[in-house]
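A.B. asks: To get the numbering used here, take the position in the sequence shown, counting from 1, and add 3.
Worth flagging that the hints you see were computed from the coordinates, not collected in a lab.
Cβ atoms here follow ideal geometry from the backbone N, Cα and C, with glycine treated the same way.
Don't take each hint at face value.
[Stated by the list, open to error] What follows is a set of in silico ranges between Cβ atoms, one per label pair, in the way DEER data are often shown: (1) N8 x A70: 36 to 42 Å; (2) V9 x E54: 17 to 23 Å; (3) E54 x F18: 18 to 24 Å; (4) L63 x V40: 17 to 23 Å; (5) E62 x R24: 31 to 37 Å; (6) G66 x E33: 28 to 34 Å; (7) V59 x V37: 18 to 24 Å; (8) I45 x T68: 22 to 28 Å; (9) V11 x V37: 15 to 21 Å.
[As the list claims (entries may be wrong)] Straight-line C-alpha distance at most 20 Å; calculated SDA-like pairs for lysine to any residue: (10) K34 x L46; (11) K34 x I45; (12) K34 x L13; (13) K34 x R24; (14) K34 x V15; (15) K34 x R22; (16) K34 x L12; (17) K34 x A14; (18) K34 x F18; (19) K34 x L21.
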Amino acid sequence: MLTINVAVLLAVIVFFRLRRRTEARSRTDEKMTVVIVLALGILIAPTPAGEGILNVLEELASGATQASR
Numbered sequence: 004m005l006t007i008n009v010a011v012l013l014a015v016i017v018f019f020r021l022r023r024r025t026e027a028r029s030r031t032d033e034k035m036t037v038v039i040v041l042a043l044g045i046l047i048a049p050t051p052a053g054e055g056i057l058n059v060l061e062e063l064a065s066g067a068t069q070a071s072r
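The whole structure should be built from the sequences, with the hints applied where relevant.
C.D. replies: Structure, rendered in structure tokens:
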């Protein structure tokens, strides 16, 4: 039996949706893309990869804060 990771499936969907030209998107299409990206974020957040991304973003934010002082 084939199993599909939902996060990977959503990542593929987001990739193909964002490849389209901006002019070809309707407001409904853009809203649907935002909902899919939010769902992907919720699925990735509790995983080790999501925690790694959070750590990298925290490092970047603290570096930017220190650089502005």
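A.B. asks: Check each numbered hint from earlier against the structure, then list the numbers of those it violates in ascending order.
C.D. replies: Of the numbered hints given earlier, the structure breaks none, since each of them holds.
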